[in-house]
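With our numbering as the guide, the letters of the sequence shown map in order to residues 69 to 183.
One or more hints might be untrue.
Here are the simulated lysine to any residue pairs, SDA-like style, with alpha carbons at most 25 angstroms apart [what the hints assert, rightly or not]:
1. Lys101 x Leu77
2. Lys101 x Thr164
3. Lys101 x Pro179
4. Lys177 x Pro155
5. Lys101 x His117
6. Lys177 x Ala96
7. Lys101 x Gln148
8. Lys101 x Met132
9. Lys177 x Ala93
10. Lys90 x Ala110
11. Lys101 x Glu160
12. Lys180 x Ala158
13. Lys180 x Leu84
14. Lys101 x Pro141
15. Lys90 x Arg114
16. Lys101 x Pro75
17. Lys101 x Pro111
18. Lys177 x Gln113
19. Lys90 x Pro111
20. Lys101 x Ala130
21. Lys101 x Cys170
22. Lys177 x Ala102
23. Lys180 x His117
24. Lys177 x Ala163
25. Lys101 x Val161
26. Lys101 x Gln87
27. Lys101 x Pro155
28. Lys180 x Gln86
29. Lys177 x Thr166
30. Lys101 x Ser147
31. Lys101 x Gln86
32. Lys101 x Thr151
33. Lys90 x Met182
34. Lys177 x Gly91
Everything labelled a hint here was simulated from the structure, so no lab data went into it.
Treat the numbers as computed from the prediction; the structure is a model and nothing was measured.
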Amino acid sequence: NDEDRAPWLARLADLLQQQETKGGAVLACSALKASYRERLAAPLQRAPHWVFLTAPRAIILARMQARSAHFMPSSLLDSQLATLERPTDAIEVDATQTVAQCVEDLWHKLPKNMP
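Throw the hints in and build the complete structure from the sequences for me.
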């Protein structure tokens, strides 16, 4: 629940703020709700660039089932998708591509004037 996530989000926000003073950072996490993303961005001087990986449910499920020793079971996928508040201000990347293709796609979509 959201109360359980509050300390985790606060810690991540603190880490992002610390790294911002050192030139920036990349953080990978679900941040399913707009309120989570707002909490992460709140202490930052510059607005973050959100990246939203998209893929059909079947592909996400297959990838989750192929993982070993991961804390989140695939049985939680539907609840995660139900909780998801799709960001309107994010760069979308088609996650059905290879990792290399995703990186290249993102590279071309990032603002060219980033610090």
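Results of checking the hints against the structure:
1. Lys101 x Leu77: 12 angstroms, holds
2. Lys101 x Thr164: Holds. Lys101 to Thr164 sits at ~23 angstroms (cutoff 25 angstroms).
3. Lys101 x Pro179: The hint holds at about 24 angstroms.
4. Lys177 x Pro155: OK: Lys177 and Pro155 at ~16 angstroms, within 25 angstroms.
5. Lys101 x His117: 16 angstroms, holds
6. Lys177 x Ala96: Cα-Cα ~18 angstroms, so holds.
7. Lys101 x Gln148: 10 angstroms, holds
8. Lys101 x Met132: Roughly 21 angstroms separates the two Cα atoms, so the pair holds.
9. Lys177 x Ala93: 17 angstroms, holds
10. Lys90 x Ala110: Measuring from Cα to Cα gives roughly 18 angstroms; hence the hint holds.
11. Lys101 x Glu160: This hinted pair holds, its Cα atoms lying about 16 angstroms apart.
12. Lys180 x Ala158: Status holds; Cα separation ~16 angstroms.
13. Lys180 x Leu84: 21 angstroms, holds
14. Lys101 x Pro141: At roughly 20 angstroms apart (the allowed maximum being 25 angstroms), Pro141 and Lys101 satisfy the hint.
15. Lys90 x Arg114: OK: Lys90 and Arg114 at ~13 angstroms, within 25 angstroms.
16. Lys101 x Pro75: Holds, at about 16 angstroms.
17. Lys101 x Pro111: At roughly 18 angstroms apart (the allowed maximum being 25 angstroms), Pro111 and Lys101 satisfy the hint.
18. Lys177 x Gln113: Holds: Lys177 and Gln113 sit about 22 angstroms apart, inside 25 angstroms.
19. Lys90 x Pro111: 15 angstroms, holds
20. Lys101 x Ala130: This hinted pair holds, its Cα atoms lying about 24 angstroms apart.
21. Lys101 x Cys170: This hinted pair holds, its Cα atoms lying about 23 angstroms apart.
22. Lys177 x Ala102: At roughly 22 angstroms apart (the allowed maximum being 25 angstroms), Ala102 and Lys177 satisfy the hint.
23. Lys180 x His117: With Cα atoms ~12 angstroms apart, Lys180 and His117 stay inside 25 angstroms; holds.
24. Lys177 x Ala163: 14 angstroms, holds
25. Lys101 x Val161: 18 angstroms, holds
26. Lys101 x Gln87: 23 angstroms, holds
27. Lys101 x Pro155: Within the cut-off at roughly 8 angstroms; holds.
28. Lys180 x Gln86: 24 angstroms, holds
29. Lys177 x Thr166: Satisfied, since the Cα-Cα distance of roughly 16 angstroms is no more than 25 angstroms.
30. Lys101 x Ser147: The hint holds at about 13 angstroms.
31. Lys101 x Gln86: 23 angstroms, holds
32. Lys101 x Thr151: 7 angstroms, holds
33. Lys90 x Met182: 14 angstroms, holds
34. Lys177 x Gly91: The given pair, whose Cα atoms are some 20 angstroms apart, holds under the 25 angstroms limit.
Taken one by one, the earlier hints all hold for this structure without exception.
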